[in-house]
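Please take these sequences and the hints and turn them into a complete structure.
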Amino acid sequence: MAISGRISQWKKLPLTLTELCIDTTLQCGQSFRWRKINDEWICSLRGRVVVLKQDESCLHYKSMFPNVSPSPSKDIRDEDNTDKMLYHYFDLKHDLGALYEQWSKADPIFKKLAPQFGGVRILNQDAWEALICFICSSNNNISRISSMAHKLCKYYGAFITKIGDEEYHDFPTPEALTNPKVESHLRELGFGYRAQYIANTAKIVASKPPGWLNGLRNPESPAWGAKPALDSDSDAKPVTYKEAHGELISLSGVGPKVADCVCLMGLGWSESVPIDTHVWQIAQRDYKFGKTKTKTFTKATYDAVGDHFRELWGKQAGWAHSVLFTADLKAFAKAKDAAKEVMKVKKEAEEEEDEDGSVDSPAVKVEVKVEEEVTAVEEAPRGRSKRKRAATAVVKTEDALEAKREYTVRTRSQKKAKGQ
DNA sequence: CCTAGGCCTTTAAA
DNA sequence: ATTTAAAGGCCTA
Numbered sequence: 001m002a003i004s005g006r007i008s009q010w011k012k013l014p015l016t017l018t019e020l021c022i023d024t025t026l027q028c029g030q031s032f033r034w035r036k037i038n039d040e041w042i043c044s045l046r047g048r049v050v051v052l053k054q055d056e057s058c059l060h061y062k063s064m065f066p067n068v069s070p071s072p073s074k075d076i077r078d079e080d081n082t083d084k085m086l087y088h089y090f091d092l093k094h095d096l097g098a099l100y101e102q103w104s105k106a107d108p109i110f111k112k113l114a115p116q117f118g119g120v121r122i123l124n125q126d127a128w129e130a131l132i133c134f135i136c137s138s139n140n141n142i143s144r145i146s147s148m149a150h151k152l153c154k155y156y157g158a159f160i161t162k163i164g165d166e167e168y169h170d171f172p173t174p175e176a177l178t179n180p181k182v183e184s185h186l187r188e189l190g191f192g193y194r195a196q197y198i199a200n201t202a203k204i205v206a207s208k209p210p211g212w213l214n215g216l217r218n219p220e221s222p223a224w225g226a227k228p229a230l231d232s233d234s235d236a237k238p239v240t241y242k243e244a245h246g247e248l249i250s251l252s253g254v255g256p257k258v259a260d261c262v263c264l265m266g267l268g269w270s271e272s273v274p275i276d277t278h279v280w281q282i283a284q285r286d287y288k289f290g291k292t293k294t295k296t297f298t299k300a301t302y303d304a305v306g307d308h309f310r311e312l313w314g315k316q317a318g319w320a321h322s323v324l325f326t327a328d329l330k331a332f333a334k335a336k337d338a339a340k341e342v343m344k345v346k347k348e349a350e351e352e353e354d355e356d357g358s359v360d361s362p363a364v365k366v367e368v369k370v371e372e373e374v375t376a377v378e379e380a381p382r383g384r385s386k387r388k389r390a391a392t393a394v395v396k397t398e399d400a401l402e403a404k405r406e407y408t409v410r411t412r413s414q415k416k417a418k419g420q
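Just so we're aligned, residue 1 is where the first sequence starts under the UniProt record's numbering, counting upward by one.
Treat the hints with caution; some may be incorrect.
Claimed, not checked - Here are the computed distance ranges between Cβ atoms for each label pair: (1) Trp224 x Ile142: 18 to 26 Å; (2) Ser252 x Lys105: 36 to 44 Å; (3) Gly255 x Pro209: 21 to 29 Å.
Said to hold, decoys possible - Listed next, the in silico SDA-like pairs over lysine to any residue satisfying Cα-Cα at most 25 Å (straight line): (4) Lys288 x His169; (5) Lys151 x Ser184; (6) Lys11 x Ser184; (7) Lys53 x Gly164; (8) Lys257 x Ala339; (9) Lys154 x Gly97; (10) Lys257 x Tyr241; (11) Lys203 x Pro228; (12) Lys11 x Lys53; (13) Lys53 x Ser104; (14) Lys93 x Gln284; (15) Lys203 x Asp165; (16) Lys154 x Tyr89; (17) Lys154 x Cys43; (18) Lys315 x Ser104; (19) Lys208 x Gly190; (20) Lys227 x Thr82; (21) Lys288 x Pro256; (22) Lys111 x Asp95; (23) Lys112 x Gly97; (24) Lys53 x Leu17; (25) Lys84 x Gly97; (26) Lys11 x Lys36; (27) Lys154 x Leu123; (28) Lys203 x Glu243; (29) Lys330 x Arg33; (30) Lys111 x Gln284; (31) Lys105 x Glu243.
Everything labelled a hint here was simulated from the structure, so no lab data went into it. Here a beta-carbon is modelled for each residue, glycine too, at the ideal position from N, C-alpha and C.
Okay, structure coming up:
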């Protein structure tokens, strides 16, 4: 494989799946730039391309740097701080097992769901990247947000290296997005109304003093590469979560939810709980938040839900929230797959009957219960190979249906409330 | 303080 | 086939 930069060997970090599960953590909607290729995760990160894979006991990683290093003759090991970078990125100083125990103790609902979703961890992302990506997230879905994030890197980020035919670029700086043509270009690229938000926010941030955004960090969670303040200027009073949140809201395209995402995933405010439509649904369905006075979701409701979770889960409420959020996403995806699988089986059954030209097939045209259709498929095998295929489909479908039923039960109460 | 409507684009249902 | 709704919201009136 052709690589234009310098590549490190595989290294490893002892780490259990309870402490970190990259499969869930990297695709639960926190970060939008990781891509999975076979069993490896790959992403450009702070000037290098990082590849990750995980087994029972270790996180394996390697990194690729650009060729234009300060001293090309120097051994890569002297400057490769990827181990420390990942330790910071995954915030591994926290004992996740202990946190899960604490949250389970405080909340029976968490306790029930958590065992299936271990190793979900809040990433310590670059604040600027989080800010722009979550501006993109409004009224949007994960796959489209991801493609937008990649376009930003592709057109505005510094080139890092090429692997095969794929070029890797870093996430763009604010300055790189201040060009007057950015807004119209991003619109052409399909960003929609978010193009303006991004352009405006880039201008605002670029006009602030350097380090302004990271100045909103939780002091207990310093930025990557930040030098510990030597003799700190005593007039700089520490920022609070609420203050940081308020500052972010003043930016373009940033409301309470996006501000909380940046606080939690970019600025180290672990008590921040972003309330999006999913979390709001969880709050209504599982935490009795349905009977508020106002029907629509107001700022007051937003704060009330956040405060409730902060009281329930404590200091690291944002982390606990992400576990439940992940659980809901997975259940939702499973139910969706189930629906697809059912359609597929339907189609197969239909095709088989067409092949035979048999007439006794009322099941496919009439709206009936899916369970009955599955039975119909099972009883309809005629040739050997067809029988096998049908049997496999049934097995897969039963799992899928189970997931769908489970999700439906969980969401029923909410649908009822909506109907009134 | 609360509410309604509009906004870009894509996808899946209806 | 067209239309509607929803997808991890925000902004303006």
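A quick look at each hint next to the structure:
1. Trp224 x Ile142: 18 to 26 Å: Since the Cβ atoms of Trp224 and Ile142 sit about 25 Å apart, the hinted range of 18 to 26 Å holds.
2. Ser252 x Lys105: 36 to 44 Å: The hint (36 to 44 Å, Cβ to Cβ) holds, given that Ser252 and Lys105 are roughly 42 Å apart.
3. Gly255 x Pro209: 21 to 29 Å: Between Gly255 and Pro209, where Cβ atoms are some 24 Å apart, the hint holds.
4. Lys288 x His169: This hinted pair is violated, its Cα atoms lying about 45 Å apart.
5. Lys151 x Ser184: Since the Cα atoms of Lys151 and Ser184 sit roughly 14 Å apart, the hinted pair holds (cutoff 25 Å).
6. Lys11 x Ser184: violated, 43 Å
7. Lys53 x Gly164: holds, 19 Å
8. Lys257 x Ala339: violated, 30 Å
9. Lys154 x Gly97: violated, 38 Å
10. Lys257 x Tyr241: At roughly 14 Å apart (the allowed maximum being 25 Å), Tyr241 and Lys257 satisfy the hint.
11. Lys203 x Pro228: violated, 29 Å
12. Lys11 x Lys53: Measuring from Cα to Cα gives roughly 10 Å; hence the hint holds.
13. Lys53 x Ser104: Given pair Lys53, Ser104 is violated - Cα atoms ~29 Å apart, limit 25 Å.
14. Lys93 x Gln284: violated, 33 Å
15. Lys203 x Asp165: Roughly 33 Å between the alpha carbons, so the hint for Lys203 and Asp165 is violated.
16. Lys154 x Tyr89: holds, 22 Å
17. Lys154 x Cys43: Distance ~13 Å between Lys154 and Cys43 Cα, so the pair holds.
18. Lys315 x Ser104: OK: Lys315 and Ser104 at ~14 Å, within 25 Å.
19. Lys208 x Gly190: violated, 28 Å
20. Lys227 x Thr82: It holds: about 18 Å lies between the C-alpha atoms, which stays within 25 Å.
21. Lys288 x Pro256: Holds, at roughly 22 Å.
22. Lys111 x Asp95: holds, 17 Å
23. Lys112 x Gly97: holds, 15 Å
24. Lys53 x Leu17: holds, 12 Å
25. Lys84 x Gly97: Holds, because 21 Å separates the two Cα atoms, which is no more than 25 Å.
26. Lys11 x Lys36: The hint holds at about 19 Å.
27. Lys154 x Leu123: Distance ~23 Å between Lys154 and Leu123 Cα, so the pair holds.
28. Lys203 x Glu243: Satisfied, since the Cα-Cα distance of roughly 21 Å is no more than 25 Å.
29. Lys330 x Arg33: holds, 19 Å
30. Lys111 x Gln284: holds, 18 Å
31. Lys105 x Glu243: Judged against 25 Å, a Cα distance of about 31 Å means the pair is violated.
In terms of the numbered hints stated before, the structure departs from hints 4, 6, 8, 9, 11, 13, 14, 15, 19 and 31, listed from lowest to highest.
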